Every structure is written in structure tokens, then in C-alpha cells.
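Participant: Residues per chain, in single letters:
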Amino acid sequence: MKTDDLINAIAADAKSVEPPIAQTVAMAVGVGALISALIFLWTIGIRDNFAESMATSLRFVFKFVLTLSLAIPAYVLVRGLSRPDFQPGKKLWLLALAPALLLIGIALELLSVPPDEWHARMIGHNSVACLILIPLLSLAPLAAVLYALRCGAPANPAIAGAVGGLLSAGIGATLYASHCLDDSPLFLAAWYTIGIVVMTGLGALIGSRILRW
Amino acid sequence: MRAAIAGDQAAYRRLLSELSQALRGVVRRGFAGVGVPASEVEDVVQDVLLAIHLKRHTWDQTLPLGPWVIAIARNKMIDDLRRRGRRPEVPVDLSEFDFEGEDQQASIDAHDVERILGRLTDKNRDIVQSISIDGQSARDVAERLGMSEVAVRVALHRSLKALADTYQEKKL
Numbered sequence: 361m362k363t364d365d366l367i368n369a370i371a372a373d374a375k376s377v378e379p380p381i382a383q384t385v386a387m388a389v390g391v392g393a394l395i396s397a398l399i400f401l402w403t404i405g406i407r408d409n410f411a412e413s414m415a416t417s418l419r420f421v422f423k424f425v426l427t428l429s430l431a432i433p434a435y436v437l438v439r440g441l442s443r444p445d446f447q448p449g450k451k452l453w454l455l456a457l458a459p460a461l462l463l464i465g466i467a468l469e470l471l472s473v474p475p476d477e478w479h480a481r482m483i484g485h486n487s488v489a490c491l492i493l494i495p496l497l498s499l500a501p502l503a504a505v506l507y508a509l510r511c512g513a514p515a516n517p518a519i520a521g522a523v524g525g526l527l528s529a530g531i532g533a534t535l536y537a538s539h540c541l542d543d544s545p546l547f548l549a550a551w552y553t554i555g556i557v558v559m560t561g562l563g564a565l566i567g568s569r570i571l572r573w
Numbered sequence: 025m026r027a028a029i030a031g032d033q034a035a036y037r038r039l040l041s042e043l044s045q046a047l048r049g050v051v052r053r054g055f056a057g058v059g060v061p062a063s064e065v066e067d068v069v070q071d072v073l074l075a076i077h078l079k080r081h082t083w084d085q086t087l088p089l090g091p092w093v094i095a096i097a098r099n100k101m102i103d104d105l106r107r108r109g110r111r112p113e114v115p116v117d118l119s120e121f122d123f124e125g126e127d128q129q130a131s132i133d134a135h136d137v138e139r140i141l142g143r144l145t146d147k148n149r150d151i152v153q154s155i156s157i158d159g160q161s162a163r164d165v166a167e168r169l170g171m172s173e174v175a176v177r178v179a180l181h182r183s184l185k186a187l188a189d190t191y192q193e194k195k196l
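Chains A and B, in that order, give the protein sequences. For reference, each letter of the first sequence is one residue, going 361 to 573 in our numbering. For reference, each letter of the second sequence is one residue, going 25 to 196 in our numbering.
One or more of the hints may lead you astray.
[Unchecked claim] Distance condition first, Cα-Cα at most 30 Å in a straight line; then the derived DSSO-like pairs of lysine-lysine:
#1 A/Lys362 x A/Lys375
#2 B/Lys147 x A/Lys362
#3 B/Lys185 x A/Lys362
#4 B/Lys185 x A/Lys375
#5 B/Lys147 x A/Lys375
#6 B/Lys185 x B/Lys147
[Unchecked claim] Not close to chain A: a few residues of chain B, all C-beta gaps over 12 Å, as computed:
#7 Ala56
#8 Val58
#9 Glu167
By construction, these hints were calculated from the structure, which means they are not laboratory data. Owing to the predicted nature of the structure, the values given are computational and were not obtained by experimental measurement. Using N, Cα and C, we set each Cβ at its ideal position, and we do this for glycine too.
Bound-form chain B, shown alone (with noise of 0.2 Å):
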């Protein structure tokens, strides 16, 4: 984490691929016996990673980063609780997300994705879409759509910003 706060894009790739994973298993016992579909954990670990990203800053480098990362999760969990508190979504048929597979998941995300990057304008969209899915670097982007790198990262930034205050809208 300290090299990604000094902007070691790929040591911090790694470690939010780290903590993603551990993340889903945090978050899966969390809710275990709260009646949480499995289609809402990802979400939720999603809304962490964004979180840990944007409020990276408030990590105090002489502690350890572990209790950080469980108190961001911990609290977008309760969010998370909270909104289905006003919301109930249970399913009808437990037994269906049992047999849920790879697939189902992802066509789940891909609503969310498009729902959040809806929002966006059709240029942020863009440099979201290449950069994630396509996995292009922010200068291939800059140089395809004729911007600077530099505007490239900041359309990025506030794009990142706008996905997070998304997930915190849908609770309202």
C-alpha cells in the first residue's frame, strides 16, 4: 500500500487483487445468515475497492493496514445492511442461487456497470470501458481520443468518484 500511495500502479494492481479476494470471503461470512443473496457480495466488495481507493489517504502509515481495510469493509456492510433494511430484497427461492453459475453472476454486474456507467458522459464512458475492460493503458487512450494523459487520468478520477457515490446513492 505504500508503494501504491507513492504511485506503483503495479504494486497496487496487486495488492487490491490481494485484498479482493479476502475481501469476498470478509464479506461472505459477514453476511452469512443475514439472508444476503451471493449476487450482493461482489457488489459489496466492489464498493469496498472503491472505497479503500478513494479514502486511501486516511490510512496512518505507522499502523497496520489489516484493521484499516476490515473497518472500510465493515462499515460498507453495515451500509450495504442498511439500505436492504428499507429495501428488502429476499428472494423468493433460496435454493435458485445455489445453483447460480459463473454467468449469472456476471450478467448481475453487467446491469449494475451499465446502470453507474449511464451516468457518465460518453467520452468518460469510453476512457472507463478501454481502461478496465479493455485493459489499455491511460496514455493509448489519450493518444486514441486526441486528450492529454493527464486529462485522461482526472476523467478517470472522477469517474472512479461518481461510480462510488452511486453505490452510496442507492440507499436514499
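Isolated chain A (complex conformation) (with noise of 0.2 Å):
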């Protein structure tokens, strides 16, 4: 086909323009939290001394502002790599947040912590749960978050892909973090990290399948 007989085609199908890649990824987050959350409160639920946690314990606080450190600079990057022209740069910078916070938390645990509990804490009260249900519950946010990079034109789709099931994991540990009695960063750090290393892996695996174009 002649170059001029092509653009002929494409000027008259003007008119299927998709709503903004920034507008679809927003949206489809916000569904995949959704189902997931709602998947979460119909099963497990939070945990029953949740408020009043929240209000006494920096342990538990810490493991949101952990979890929510991942996920919103996951999402900005996300957002970000959708568009082909994207430059990462300083950005990937925020990624280093959550590691930063943990290795504190870490830190801090182990000088208010005698070391004979350390153990304990690491191993906490039901690990093989949390291995298994943070996992699970990012399979939607996933989902979400590749259908919407699919919809977007990623220079990297292994990266990009890797980027989106860091931001699911974010979401699921979110989620168990409500649920979970084991507050310690040493079993965040020896467990949740687990959790999110796979789903990054599964994320870069099928993001790398279906995310070209």
C-alpha cells in the first residue's frame, strides 16, 4: 500500500480516539484495589483489634506506611512507563523508599527487641498464611494493572510488566496488612518480601509476553 493511501485510512478513523493512558491506568487500579478489597473483606477481613491498633501500635502503623510506600511510587512509575517516551531518570529513585523504611524499622526493632524475642518476631504466628494470601490477593490488582499497560504503548514490557506487579503487591500486602497479627519488621522483611518478589517476577514474565505492540 502507497504511504498516502494509508494515512487516507488512518484521518478517517479520527474519531477512535481512547480516553488518556494516565485516565485508564487510574481507573483500572482503582478496580483492581476494589475487587481485591471487597475479595478481602468477604473472606479473611480485618483483623478484630484493627482500630485499636491503629491507635497504639507504631508496629502496625509502620506496616502500611511500609506497604503504601511501595505501592504509591509503584503506581507513579506505572503510569509513567504506560507512554512510550517515558524516561525513568531520578524516578526509579522512589523505589528505594520502601527498602530505606524497612531497613530502619529493622533497625529499630532489633535495639528495642531483646535479641532472644528476634527469632520469634521473625518467625511470627502464621507465615505460610502470608505467603500465600499476598499472592492471591494481587492476582486482580495485576490483572488490572497489565490491561492497562496493554492499552499503553510500554518501551520496556518486561520492565514495565515487572513495575506493575510491584504495584499489585503493594495493593495485596496493603490488604493482609489489616489481617495479619504479626506486626514486627522482621517479619515483614523476612515474609512480605517474599510475596513481592514473586509477583514483581510473575509481573516482568507475563509483562514481557503481552506487552509489546
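With the hints as a guide, bring the two chains together.
Facilitator: This is the structure we're talking about:
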């Protein structure tokens, strides 16, 4: 086909424009998080002393500071990575926020708790549930984020998928944290991170396959 | 591009026409020295134009258009080179391409479009050809085929997507 002929066809299709990609990403993440939250509330739900813990336990509050310090930067990056011309540059440092906070949390925990309790706090009450439920609660957000990225045009499919996985894990971990009885940063470092790494890897794997355009 | 996103067909055609000329230079320069035959430059330009069209909602209107277009062109050029890496088609005699005339270029392009259009249904093929090659408006085509104008536009949009997918599949 002559290029000018193709241009005729494309110009005739001028009215088919989709909503701006940032809007699609926001909608998808909102819907994915909402579905996961509803499933979460209908099945395992928040823990009984949620309100009390929120008011009295710094460790409990720290769990949300940590998971949101992961989810919010990942969201900002996913929104950018959905565009082909996005240069992450300095914004990549946003992803260092959660690991840095976690290290501070671990240091404070080690200083405030006697060494003979360290092991018990790290093992916690129910690490198996944590390992399984964080990825499960991340699935709906992951599907939604990957859908939005597919509507976009990521320059690097694997990286976009990985950060999408990270975002979904941030959402899943935030939900699970409100159920989980283990509040020690040692527990978060040992078990939450596994689920988060799994989702990041899954996002990269799926992303590299379905996010080409 | 803002006017085009708002649905201004004439402004869109002008923009695409200017972009296609700029892109031809960009792709030719990008491929210089890699041993890509001239016949493939036009294929890549068309692939880029389709991607610009189908992904125009990923342009952030607060940013300049140029870097976004270049980013799409770069992506498609890398795709093309990767494809060639798997199925190298280095011409046996490079001098042959120095004498390549307009007609030969046209025949190569026609071959591509036949293959791609061959995958569409008869009706969709008719719609694409009427609008692109014969330059008819969507309304004319709708009247002739007894369809609504919206249905013609939807068919055209689907066909363009199928066209872009075909470019995509060539790398498999």
C-alpha cells in the first residue's frame, strides 16, 4: 500500500481515540484494588482489634507506611511506563523508599527488642498464610494493571510488567497487613518480601509476553 | 495532534503526511549502515504511522510531540532489526537497490498489502480499499454498502488494528 493511501485510511479513523492513558491506568488500578478489597473483606477480613491497634501500636501503623511506600511510587512509575517516551531517570529512586524504610524499621526493632525474642518475632504466627495470601490478593490488581499497560505503549515490556507486579503486590500487602497479626518489621522483611518479589517476577514474565505493541 | 485527537480529520491527515516525510528520513538514517534494503524503510514508516495512530492516547498533551514520535519510531525500528536478526534477508547484490525505481517500490508495497488485506473479511477489505486507495469518505462507503456510517468506521478501525497486528506477527 502506498503510504499516502494508508494515511487516508488512518485519517478517516480520526474519531476512534481512546481515553488518555493516565486515566485508564488510574481506573484500572482503582477497580483492581476494589475487587481485591471486597474479596478480602468477604473472606478473611480485617483483624478484630484493627482500630485499637491503629491507635496504639506503632508497629502496626508502620506496616501500612511500608506497604504504601511501595504501592504509591510503583503507581507513579507505572503511569509513566505506560508511555513510550517516558524516561524513568531519577524517579527510579522512588522505589528505594520502601527498602530504606524497612531497613530503618528493622534497626529500630533490633534496638528495642532483646536478642532472644528476635527469632520468634521473625517467624511470627502464620507465615504460610502470609506467603499464600499476599500473592492471591495481588492477582486482581495485577490483571488490571497489565490490562492498562496493554492499552498503553511501554517502551520496555518486561520492566513495565515488573513495576506493575510491584504495584499489585503493594496493594495486596496493604490489604493483608490489616488482617495479619504479626507486626514486627522482622516478620515483614522475612515473609512479605517473598510475596512481593514473586509478584514482581510474575509481572515481568507476563509483561514481556503480552506488553509488546 | 491536539486537533487530531479532538477528531479533526483534515488536520490529522496533514499531520500524518508531514510526519511520514520526517519519519522516512529518521528511519533511513537509523538504518544506514545496518544493511537494511530501501524497500523495508517504507514498511517501517507505515508500521510507525499505524502505531502512532493506535497509541495516540499515550501522548501526554503537556509534553512536546517530537520525542514521543521518535520513541515510537525507535521501538518499531528495533522490532524490525530484531525480526531481521532471526530471519536475515541481506540482499545478495546491494547494487541492485541503487537502481530501484518507483514502480519496483510500489510492487513491493502492493505485495505486502495484498497479504495483509487478504486476512480481512471481504467487506472489511472493500471498506479499507475504498477509503484508502479510492479516497472515498466513510459516508459514501456506508451508503454504497447499505451500512451505517458508524459501522463503517468501526470496521475501518478494526481493520487498521488487524493491519498493525500483522506487522507484529511478522516477528514471530
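Participant: For B/Lys185 and A/Lys362, compute the direct alpha-carbon distance and say whether it is at most 30 Å.
Facilitator: holds (18 Å)
Participant: Could you grab the alpha-carbon distance between A/Lys362 and A/Lys375 and see if it respects the 30 Å cut-off?
Facilitator: Since the Cα atoms of A/Lys362 and A/Lys375 sit roughly 22 Å apart, the hinted pair holds (cutoff 30 Å).
Participant: Quick one: work out the minimum CB distance from B/Val58 to chain A and report holds if it exceeds 12 Å, violated otherwise.
Facilitator: holds (20 Å)
Participant: For B/Ala56, which was marked as not at the interface, is the minimum beta-carbon distance to chain A over 12 Å?
Facilitator: Label holds. Min Cβ-Cβ 20 Å, cutoff 12 Å.
Participant: Are B/Lys147 and A/Lys375 close enough, with their CA atoms no more than 30 Å apart?
Facilitator: Cα-Cα ~21 Å, so holds.
Participant: Does B/Lys147 sit within 30 Å of B/Lys185, going by the straight-line distance between their CA atoms?
Facilitator: holds (16 Å)
Participant: Check the hint pairing B/Lys185 with A/Lys375 against an upper bound of 30 Å on the C-alpha distance.
Facilitator: The given pair, whose Cα atoms are some 14 Å apart, holds under the 30 Å limit.
Participant: Going straight from one Cα to the other, do B/Lys147 and A/Lys362 come out at no more than 30 Å?
Facilitator: holds (21 Å)
Participant: If I take the minimum Cβ distance from B/Glu167 to any residue of chain A, is it greater than 12 Å?
Facilitator: With a cut-off of 12 Å, B/Glu167 remains clear of chain A, as the shortest Cβ separation is near 15 Å.
Checked against the numbered hints given earlier, the structure satisfies every one of them.
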